[in-house]
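*Asks:* Now for the letters of each chain:
Protein chains: 2
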Amino acid sequence: MTLTHPERSTTASAPTTTDGPGTERLTTLGAQLRTALDGDFAEDRARMRATFPAEDLLRDPELDVEASREWTLNRLLSLNGQGFGSAGVPTTANAGSDPRGAVLTFEMLSHGDLSVTIKSGVQFGLFGGAVTNLGTEWHHETFLPDITSMKLLGGFAMTELGHGSDVASLETTITYLPDSEEFEVHSPTPGATKAYIGNAAKDGTMAAVFGQLVVGGRSHGVHVVLVPLRDDDGNDLPGINTGDHGHKGGLLGVDNGTIRFDHVRVPRRMLLNRYGGVDESGTYVSPIDNQNRRFFTMLGTLVRGRVCVGGGGGIAARRGLSIATRHALRRRQFPAAGRPDGVLLLDYLVHQKRLLPRIARSYALGFAQNLLIEALVHVQGGDESTEEDQRSLETHAAGLKAVQTWFANESIQEAREACGGAGYMSENQLVEMRRDVDIFATFEGDNTVLMQLVTKSLLTDYRKEWGELDRTGVVQATARVAGESVLEATSAGIMLGRLADAVRRRPEETTLVDRRWHALMFEQRTRHSLESLAMRMRAAAKSKGDEFESFNALGDHVQFVARAYMEEWILSAFVDALETVEPGESRDVLERVCSLYALQSIHDTRAWFMEHNRISSGRSKAIGAQINELCRELRPHALPLVEGMGIPEGWLGAALLDD
Amino acid sequence: MTLTHPERSTTASAPTTTDGPGTERLTTLGAQLRTALDGDFAEDRARMRATFPAEDLLRDPELDVEASREWTLNRLLSLNGQGFGSAGVPTTANAGSDPRGAVLTFEMLSHGDLSVTIKSGVQFGLFGGAVTNLGTEWHHETFLPDITSMKLLGGFAMTELGHGSDVASLETTITYLPDSEEFEVHSPTPGATKAYIGNAAKDGTMAAVFGQLVVGGRSHGVHVVLVPLRDDDGNDLPGINTGDHGHKGGLLGVDNGTIRFDHVRVPRRMLLNRYGGVDESGTYVSPIDNQNRRFFTMLGTLVRGRVCVGGGGGIAARRGLSIATRHALRRRQFPAAGRPDGVLLLDYLVHQKRLLPRIARSYALGFAQNLLIEALVHVQGGDESTEEDQRSLETHAAGLKAVQTWFANESIQEAREACGGAGYMSENQLVEMRRDVDIFATFEGDNTVLMQLVTKSLLTDYRKEWGELDRTGVVQATARVAGESVLEATSAGIMLGRLADAVRRRPEETTLVDRRWHALMFEQRTRHSLESLAMRMRAAAKSKGDEFESFNALGDHVQFVARAYMEEWILSAFVDALETVEPGESRDVLERVCSLYALQSIHDTRAWFMEHNRISSGRSKAIGAQINELCRELRPHALPLVEGMGIPEGWLGAALLDD
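Heads up: the protein sequence lines correspond to chains A and B, in order. Okay, so the first sequence: first residue is 1 according to full-length UniProt numbering, each after it adds one. Okay, so the second sequence: first residue is 1 according to full-length UniProt numbering, each after it adds one.
Only chain A is shown next, with the shape it has when bound in the complex (with noise of 0.2 Å):
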């Protein structure tokens, strides 16, 4: 399936009422919406909507663990076999990387059963990405037929008991031994011991492990090396103890375990090479001098997964959001002065703030989640980036996957008790769902930490920029350019800037729903943070107490910068893609979610801009009245609002919303 070059255009662009997939119906505007929302891949996601196999989309969750996995493999088998499994992992040497295919697969398996799309994430973007990106050519000729085929099933080995988000401390070894050409892996210790690794438990039969490069009793850092795991009837080889984690708090279709290697020799070329090896007269030879550098190349390489991880947490909140609204327009509770049967759910404010919000929200994330997947193919895709597209794409990466877990999380518990007692029967999916996109907040690096890496990458824009000045320098300076600077990694964000440059002398005569002020209070709260974040680090750096304590103190400044800056980039993303809405209902409706989601996200921290006096007392709360009346607005669009988040109807396979 090459979803690169479409076959055909799909009638879900079309401007009436149309039939999606299967017998799908949707409103002329939950059309527009989905084609909107899906921006420049709408022709890809219709198409796979249309060709995706939806019988069998859903595990029966009373499937215990060993009949869960054997469901999930089966189920992945036949879906790589159907064009939804491997897409965008080459299956030769010779065939070009797909990122995006790669991307759009996995958001769409994220449709149905999360254990499917995790075991796929595992053997091909994980395992079959070590491969390819970490590989050379005799890895890619030798092992990706059959890894793509599914043959050839692997774990990737990277976290260990001991070390889970410090991956440069990891303990196991990979020792060159010259005599016999071959690696010793070694894990020295019990902490040593590869934890949680997917495929490990049962399924895998080789893992892409890393460990410290040892070569002539020099250490050169992490690098990552294949070791066969077990034999053809599933015994670990020798050397090789795999241990099963068992039952999970969610993704039982996944066979995550623990490896412990004692000893374990594999010959020189199954080390993963293309940054650093030993050549055949015993030496290490990398392209990358700089061992600091290498580490970050390599783990770079990953960023992949968080894309994927972070688009699938987004598609896990829409089908939550999904089912709760659609109930809510079904279910009456309590007659009410002219409403005898009962209030339609969705007619009671408090529940309209529950969901349409989030409704919201969900879009602002697809748009940015749209602009991420076009970084990442501008990257990996084969055209000319730079080192600064790279760094740019792995800081939007890190902080979306974060932004997306964490709100798939939250937004599916809220859809769980929106649905009452309802959701909570595992018919209706919610809790399933919200059990297995748990997990999401934590691998692929753990949200905390990830949000620290995007403010750790906007203070080295900051640096570079500003090292040299003095505070007072400083401030001046940052108060002209930073802000620019920070976004000029987007091209988004010049749209923004110019918005919030019109009213920048007087913001408080907008209204609330004016987007140049939504731009401004956006900017100046990442500028302004990133601002005196600096300001401070660059104290702490100075002072003569403990180095560490001086910098914890930071620790949810840190956290805020990036949050901070995390939502103007969503911001951003959201403001172009209405640019390429025609004008019309659907832009309409669209200009009043992108307000709904921009004043909520100030609302979430007014009290912030009350503190910087960046907002007044009285017009904060405003703020709280107008998202109520943007919710009375939107209230009448809200089953157009769910279709356009592109979920057919007839695969939320929740029971309260069978007639």
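There could be a bad hint or two in this list.
It does not matter which identical chain is meant; a pair holds if it fits inside one copy or across any two.
With a straight-line cut-off of 27 Å between C-alpha atoms, the simulated DSS-like cross-links for lysine-lysine are [said to hold, decoys possible]:
| hint | residue 1 | residue 2 |
| --- | --- | --- |
| 1 | Lys544 | Lys456 |
| 2 | Lys456 | Lys353 |
| 3 | Lys544 | Lys353 |
| 4 | Lys542 | Lys621 |
| 5 | Lys202 | Lys544 |
| 6 | Lys542 | Lys456 |
| 7 | Lys621 | Lys544 |
| 8 | Lys544 | Lys151 |
| 9 | Lys151 | Lys202 |
| 10 | Lys542 | Lys151 |
| 11 | Lys621 | Lys202 |
| 12 | Lys353 | Lys542 |
| 13 | Lys151 | Lys353 |
I should point out that these hints are in silico values taken from the structure, not numbers from a laboratory. Note that the structure is a prediction, hence the values are computed from the model and not measured.
With chain A's structure known, arrange chain B on it following the hints.
*Replies:* Positioned in the frame of chain A, the structure of chain B alone reads:
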């Protein structure tokens, strides 16, 4: 087991390092904090900890639905045989009710598998409670012995598919048939099907069924009748049609199901007729003339369930926070200056802020729960009590149930994330606990609806006093008095009011840890939001538009008032409890814990305080820094604080705490 007459004191209150249950060893401070938090129930709770059968405490998460149900039933049978089941339910008509024992037992059961806890709640609290509180002597004599011995298992069939929170609109009919002196129980529509009923899918052979009582063609509102469900072989009796909800988000050990009635007849005496029934002549008789009042009186007897569920949620939160905090005191990650082996997780400020403010809130909720139990004992324990006492109890039980169960959900989730990937493994208990506690936010009253009840009750007080004054009069009068009228329901409010008075004139001249300032802020948050809501309500009532929409627009204001009031009541409870703690280290630590609770609560709504000119923007900024400082100060006491929460380490059952 007689809980109200402790047989011996325990070692938990001793001022030196002590042995708790089994081999538990506590720090001196931990033991003191535990005694303080256990409050007036310290001896009972210590004895229960020492005697609670702690082997087989937690269910194997791999058990399927059927095996989970079997395990749960057997465990509850075993616990009941050892005095930890029906405690608090009288075994005969003559034995007194023991609400204190009922709640303390429920809380103790919450230290283990929550399916067992909830099954006990269904059997003893709801089914047994309905028979006890709504039935009369014949019901007590006939059924209580078998209910308390678990020979007769029963359901509490209130909720219907079409009617969750709206009990008054239940459709099931209970029609009197004078010829045969029977009642005919019937489900006239699919929406009338009883749903989510514990013990209905499998174990229950009887149910207490809520329905509209019809006598001589006239409806007398909701009443409750006992209806046999199954024969000795477990088959549905004629006219009964039970269904099974199967797999749920959690609580797999509880057999929730549906029940439909097809013209089922039961003898006249099966109606629980304490508040209304049919006499031998076929005439409806009730000690309460007003139908509405009768309805609320009958529902009022359910208050104990809310006290239990809130308390159980509070205990679950403590278990989750105990696991995550103990883990953070062992786990190191990322080396730093002066910390070559890595930094202890709990030394990171960001990590402290995930856990310590929640521990502080756990303490605050614990003191409030103690107060609530006392109020329950006062009303249901045989003392003289007024209708005012009953209403105050209902209000606080509703609010504290909502606040504690929401807190349980979010704090166990935070604990899960704070343990990273390990937190997701079922063997570490957090995900199982999180799944089980999810529905606590919905059953025994949807939390959002419960919070509406709190505000409604406050407005009733308010209207009673000031309903006749004009708008200006109201403002003036309430400025002087209304706050007190709201608070007078609890003696705790008096202390808080005095503290607030002392700084009313110059609130910002206090420090941020000055209890008087906390008291003033909490009081003003409640008082002002309540007053402005009352004014908006009055305006809504006078407006000519759609009456529903006028009130609907106030939905989030209603929620805010309830939260503000509950926070104030919780602070009152904490402040009162502090008075009873001897000066010394534990008192000092608890004062800081109280400040951390209070400041975090103010911080969470600091936008409101600024919007209403109660806190300046400068002072608001300082609150965040003060919270950080309190975390630093409490960090060295993290272990004693965890011990104080009262969950013996050996009971946590988390593999990641094994050495």
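*Asks:* Hint by hint, say whether it matches the structure.
*Replies:* Tested hints:
{"no.": "1", "hint": "Lys544 with Lys456", "result": "within (23 Å within a copy, 56 Å between copies)"}
{"no.": "2", "hint": "Lys456 with Lys353", "result": "between (34 Å within a copy, 21 Å between copies)"}
{"no.": "3", "hint": "Lys544 with Lys353", "result": "between (49 Å within a copy, 25 Å between copies)"}
{"no.": "4", "hint": "Lys542 with Lys621", "result": "between (41 Å within a copy, 24 Å between copies)"}
{"no.": "5", "hint": "Lys202 with Lys544", "result": "neither (53 Å within a copy, 68 Å between copies)"}
{"no.": "6", "hint": "Lys542 with Lys456", "result": "within (18 Å within a copy, 56 Å between copies)"}
{"no.": "7", "hint": "Lys621 with Lys544", "result": "between (43 Å within a copy, 25 Å between copies)"}
{"no.": "8", "hint": "Lys544 with Lys151", "result": "neither (59 Å within a copy, 72 Å between copies)"}
{"no.": "9", "hint": "Lys151 with Lys202", "result": "within (14 Å within a copy, 45 Å between copies)"}
{"no.": "10", "hint": "Lys542 with Lys151", "result": "neither (57 Å within a copy, 73 Å between copies)"}
{"no.": "11", "hint": "Lys621 with Lys202", "result": "neither (56 Å within a copy, 53 Å between copies)"}
{"no.": "12", "hint": "Lys353 with Lys542", "result": "between (47 Å within a copy, 25 Å between copies)"}
{"no.": "13", "hint": "Lys151 with Lys353", "result": "neither (49 Å within a copy, 47 Å between copies)"}
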